[in-house]
Amino acid sequence: MHTLRRQLLFTCAPAVAAALLAFVVVGIVGFVGARALQAPALPSGAALLTLAGCATPTVLGLVAPLACVVGLSGTLRRWRQEGQWTAVQAAGLGGRVLLGPALGFALAVGGLCWVSAHHLEPAARAAARGLVTEALRPRPGVPLQIGTVTLLADAVDASGLTGVFFAVDGPTWPRVGSARAASLAPGQLLLESGVVHLPGPPQARVDFERLTLPLPVPDHRVELNERSDAALAALIARMEARGRDAGYERAVLLKRSAWPVAAALLVLICPPLALRRRALWPAVPIVAYWGLVRGLDAGARAVGGGVAAWLPVALLGLAVAWTWGRWRER
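Residues in the sequence shown are numbered consecutively from 24, following this note's numbering.
Quick caveat, the hints were computed from the structure, so don't treat them as lab data.
From the three backbone atoms N, C-alpha and C, an ideal C-beta is built for every residue, glycine too.
Check each hint, because a few of them may be wrong.
[Stated by the list, open to error] Pairwise CB distance ranges, derived in the manner of DEER restraints:
{"id": "1", "residue 1": "L303", "residue 2": "H142", "range": "31 to 39 Å"}
{"id": "2", "residue 1": "A178", "residue 2": "A36", "range": "54 to 62 Å"}
{"id": "3", "residue 1": "D180", "residue 2": "P37", "range": "30 to 38 Å"}
{"id": "4", "residue 1": "S182", "residue 2": "A41", "range": "48 to 56 Å"}
{"id": "5", "residue 1": "V138", "residue 2": "G106", "range": "35 to 43 Å"}
{"id": "6", "residue 1": "P222", "residue 2": "A260", "range": "19 to 27 Å"}
{"id": "7", "residue 1": "L122", "residue 2": "A325", "range": "36 to 44 Å"}
Full structure from sequences and hints, please.
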């Protein structure tokens with residue numbers, strides 16, 4: 024029996040690792056792309072690479088159970104197709120022999136998700152926001168794109184920018200120009216003593232003493248998933264002290280503990296479902312869990328943060344017990 028369990032672990036490990044790598048790469052690309060598109064200023068290549076590093080803990084905590092389910096279910100289905108599962112049953116061993124390896128994978132995934140949810144993900148998301156904010160800082164001789172405006176300054180100091188060249192990409196009035204000085208204010212670029220070159224003949228230009236260009240306004244709000252456990256708990260305490268409903272915020276905090284438990288249960292329910300005839304059975308609890316979580320998120324203030332966070336986990340635990348208990352091949 025121990026040899027069979029080791030064989031399952033060694034066979035599943037490469038499949039889980041391959042699925043994890045694929046999911047992490049796709050998740051990082053999506054995370055970085057979304058952050059770059061939402062940023063008022065386009066981050067540099069180095070900033071994008073650093074952003075990818077910040078995205079890794081967040082993505083890892085989300086996709087680890089999915090990768091484990093894919094690797095484990097693929098291996099078990101291959102066992103059934105190649106007759107290895109039939110040999111296991113012929114030897115008088117049932118599905119209980121899979122419980123040990125499944126528990127090992129479940130504990131590993133749950134532990135990883137716990138560390139990610141409570142520590143790595145909030146810190147990584149806060150660092151990612153800092154990188155996007157840092158991209159808004161002008162540097163001498165380095166083009167800075169904010170929305171449709173591109174800036175290039177000869178010098179940058181505490182008082183502002185000097186020797187500024189700018190270009191504005193607009194469907195109605197594309198224009199380029201220069202200014203002696205400029206300063207960045209929330210939602211606008213203030214230019215002083217410059218010239219704007221208009222489309223058309225080379226002599227089409229407008230001199231100005233002051234010119235204001237609108238810029239995208241960066242969102243400086245700190246999202247809930249960027250706050251540490253202590254900061255989120257303090258926010259909840261302040262809201263409740265002011266008589267405000269903090270049901271959703273409490274659900275976000277409690278889900279940092281609920282998600283690792285759910286991740287372990289999603290792995291644990293995999294063997295009985297993977298050895299069924301239909302290949303998509305292991306995906307059913309994943310889809311059902313996420314659907315219930317999203318539905319309760321919308322009503323967290325009505326049902327309470329504890330119910331919104333832990334009800335899906337409780338139902339998933341019952342599903343695990345029922346699935347293993349009703350499994351005829353166990």
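Quick rundown of the hints versus the structure:
no.	hint	result
1	L303 with H142: 31 to 39 Å	holds, 34 Å
2	A178 with A36: 54 to 62 Å	holds, 56 Å
3	D180 with P37: 30 to 38 Å	violated, 56 Å
4	S182 with A41: 48 to 56 Å	holds, 55 Å
5	V138 with G106: 35 to 43 Å	holds, 40 Å
6	P222 with A260: 19 to 27 Å	violated, 57 Å
7	L122 with A325: 36 to 44 Å	holds, 38 Å
Violated hints, in rising order: 3, 6; the structure is consistent with all others.
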